[in-house]
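Number of protein chains: 2
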Amino acid sequence: MNKKQLFDQIRAKASYLCVGLDSDIHKIPEHLRKADDPLFEFNKQIIDATIDYAVAYKPNIAFYEAHGLKGWESLMKTIAYLPDDVFIIADAKRGDIGNTSKMYARAFFEQMNCDAITVAPYMGEDSVKPFLDFPEKWVILLALTSNAGGKDFQNLALTEGDQLYERVLKKSQDWGSDEELMYVVGATKAEALTNIRQIVPNHFLLVPGVGEQGGSLSEVSRHGLNSECGLLVNSSRGIIYADGSKSFASVAGSKARELQQEMANYLEKYC
Amino acid sequence: MNKKQLFDQIRAKASYLCVGLDSDIHKIPEHLRKADDPLFEFNKQIIDATIDYAVAYKPNIAFYEAHGLKGWESLMKTIAYLPDDVFIIADAKRGDIGNTSKMYARAFFEQMNCDAITVAPYMGEDSVKPFLDFPEKWVILLALTSNAGGKDFQNLALTEGDQLYERVLKKSQDWGSDEELMYVVGATKAEALTNIRQIVPNHFLLVPGVGEQGGSLSEVSRHGLNSECGLLVNSSRGIIYADGSKSFASVAGSKARELQQEMANYLEKYC
Chain A
4 MNKKQLFDQI
14 RAKASYLCVG
24 LDSDIHKIPE
34 HLRKADDPLF
44 EFNKQIIDAT
54 IDYAVAYKPN
64 IAFYEAHGLK
74 GWESLMKTIA
84 YLPDDVFIIA
94 DAKRGDIGNT
104 SKMYARAFFE
114 QMNCDAITVA
124 PYMGEDSVKP
134 FLDFPEKWVI
144 LLALTSNAGG
154 KDFQNLALTE
164 GDQLYERVLK
174 KSQDWGSDEE
184 LMYVVGATKA
194 EALTNIRQIV
204 PNHFLLVPGV
214 GEQGGSLSEV
224 SRHGLNSECG
234 LLVNSSRGII
244 YADGSKSFAS
254 VAGSKARELQ
264 QEMANYLEKY
274 C
Chain B
4 MNKKQLFDQI
14 RAKASYLCVG
24 LDSDIHKIPE
34 HLRKADDPLF
44 EFNKQIIDAT
54 IDYAVAYKPN
64 IAFYEAHGLK
74 GWESLMKTIA
84 YLPDDVFIIA
94 DAKRGDIGNT
104 SKMYARAFFE
114 QMNCDAITVA
124 PYMGEDSVKP
134 FLDFPEKWVI
144 LLALTSNAGG
154 KDFQNLALTE
164 GDQLYERVLK
174 KSQDWGSDEE
184 LMYVVGATKA
194 EALTNIRQIV
204 PNHFLLVPGV
214 GEQGGSLSEV
224 SRHGLNSECG
234 LLVNSSRGII
244 YADGSKSFAS
254 VAGSKARELQ
264 QEMANYLEKY
274 C
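Note that the protein sequences, when read in sequence, are chains A and B. Numbering of the first sequence is given in this note's numbering, commencing with residue 4 and proceeding in unit increments. Numbering of the second sequence is given in this note's numbering, commencing with residue 4 and proceeding in unit increments.
If you're looking for bench data, these hints aren't it; they were derived computationally from the structure. Some hints here could point you the wrong way.
A pair counts as met if it fits within one copy or between any two copies, since identical chains are not told apart.
[What the hints assert, rightly or not] Here are the computed lysine-lysine pairs in the BS3-like style, where the Cα-Cα straight-line distance is at most 27 Å: (1) Lys154 x Lys105; (2) Lys105 x Lys37; (3) Lys30 x Lys80; (4) Lys174 x Lys30; (5) Lys174 x Lys7; (6) Lys37 x Lys154; (7) Lys249 x Lys154; (8) Lys73 x Lys37; (9) Lys6 x Lys16; (10) Lys140 x Lys249; (11) Lys140 x Lys174; (12) Lys132 x Lys37; (13) Lys154 x Lys140; (14) Lys30 x Lys105; (15) Lys174 x Lys73.
For reference, chain A alone in the conformation it holds in the complex (with noise of 0.2 Å):
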């Protein structure tokens, strides 16, 4: 999917919501347990429920690798069950020398025909240049990621000036444009969405931690939000695990139906 078609999608339901498929065998509703695939029929009543409101939905990897290769399975299934017109982001977190992220870009492009990848980049262009050989499919930059750990070397500060996260922001420009680059920028950090916005005025953020992690829907959508659009605002927790029963599909469609009016009014208002 291209940056125009994501910007319609976004347009076409008000939204910029990405549900985050972190499916948990011991989380989802003890009556689907029992199922022949759990995880796929949980994704597949939170994909039902949920579809009218959100442009993206975010598998996260480890969440099915930890089954082996019955995770895997579901996993395929949930990607396979989610309708063209969906941005599918992979929250794999890959990157390595290029021959092997290389690998990693058929995987999740041509294997599973995942839209993006989220990608940590400590290793660099040639980490991330591979993947960015596929038309029309997206690289997620980790930037500044809003876990307590994300401090110990992203807010260092380098001595040509900048924080590393800055340096992150600012190197890769060099490497992809903002028709195939994205960034992760975590939503505790909506203070710090002002300055990234100036360094990357034109790129899609990818925010997660919103709700569970303190983040706030008002203040990322303020600071973060451009002509078009420029924000997937992610939600996990908040909606696949907000009713543990059987109505739990129903109460997660109301919780992305909630947070996609409210990103309605944000769209009418600041895009």
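Start from chain A and add chain B according to the hints.
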């Protein structure tokens, strides 16, 4: 496998060789491509031919993931085929927020019974810690990589002193001991090894890039060996693709033996 057991293996085989299983369907000998499971068949023969000379094996996960479910099957069969007394490294470059890293740890330490996993440091402490909760399992943290893009961020100078990779080495000392943490240090940076050995005198270093990527085993050993060896030197292409004919396994065995014999000398001389 704990540190003592690893060192015992190194002494028993007079080797600190790690064989990288970057097994690529397009590069393995043609006669194997029609096998039921070509990657596993190739790995099996490589393992049989090299097992007397290598203490560790490092499957590069991307090469299996690129083939979807079938690739994961080849990987799991390969890992199951490796004997208990070799050190198995999942070269996966994972790393994510705590609950996600925990899932990756389960995948590689429980589902697959690997001894170690490579992890990218960008997300800091809580992305690494969950891997350290598994006794006698190891995190091998990326410090200084030998690829061209390594210098994009790893060598950046920090205002508080240190380059980024040095900070990664120092900061991570707070997270775990030399009984549970190792570091990736590219062999093309042999001159940096002296400096690294001052920062982490007792840790094992995983050194890829000897051979094809231009690193010298002699230099790496001179600067990197410590009193408990402290090195695992990886060779992938130089062994597994040394020959493309039906004799590939015996040639791979010879190449591994050559490296082992050189290593035996260095162990005697420096360790």
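Measure nothing new, just compare the shortest in-copy and cross-copy C-alpha distances for Lys174 and Lys30 to 27 Å and report within, between, both or neither.
-> Intra 40 Å, inter 34 Å, cutoff 27 Å: neither.
With 27 Å as the alpha-carbon cut-off, assign the pair Lys37 and Lys154 to within, between, both or neither.
-> neither (41 Å within a copy, 50 Å between copies)
Is the C-alpha distance from Lys154 to Lys140 at most 27 Å within one copy, between copies, in both cases, or in neither?
-> Result: close only across copies, 26 Å inter versus 29 Å intra.
Can you tell me if Lys174 and Lys73 fall within 27 Å by alpha carbon in one copy, between copies, both or neither?
-> neither (39 Å within a copy, 37 Å between copies)
Between copies, within a copy, both or neither: which fits Lys249 and Lys154 at Cα up to 27 Å?
-> neither (40 Å within a copy, 52 Å between copies)
Quick one: Lys174 to Lys7, C-alpha cut-off 27 Å, is that within a copy, between copies, both, or neither?
-> within (25 Å within a copy, 43 Å between copies)
Give the relationship of Lys30 and Lys105 under a CA distance limit of 27 Å: within one copy only, between copies only, both, or neither.
-> Between copies only: 15 Å across chains, 34 Å inside a chain, cut-off 27 Å.
Within, between, both or neither, where Lys140 and Lys174 count as close if Cα-Cα is 27 Å or less = Answer is within; shortest intra-copy Cα gap is 20 Å, inter-copy 35 Å.
Measure nothing new, just compare the shortest in-copy and cross-copy C-alpha distances for Lys154 and Lys105 to 27 Å and report within, between, both or neither.
-> The answer is between: 20 Å across copies meets 27 Å, while 29 Å in one copy does not.
Is it within, between, both or neither when you check Lys30 against Lys80 at 27 Å Cα-Cα?
-> Classified as within: same-chain Cα gap 20 Å, cross-chain 30 Å, threshold 27 Å.
Given a CA cutoff of 27 Å, do Lys140 and Lys249 count as a within-copy pair, a between-copy pair, both, or neither?
-> neither (36 Å within a copy, 39 Å between copies)
State whether the alpha carbon distance between Lys73 and Lys37 is at most 27 Å within one copy, between copies, both, or neither.
-> both (14 Å within a copy, 26 Å between copies)
Hint compliance for this structure: hints 4, 6, 7, 10, 12 and 15 are not met, and every other hint is.
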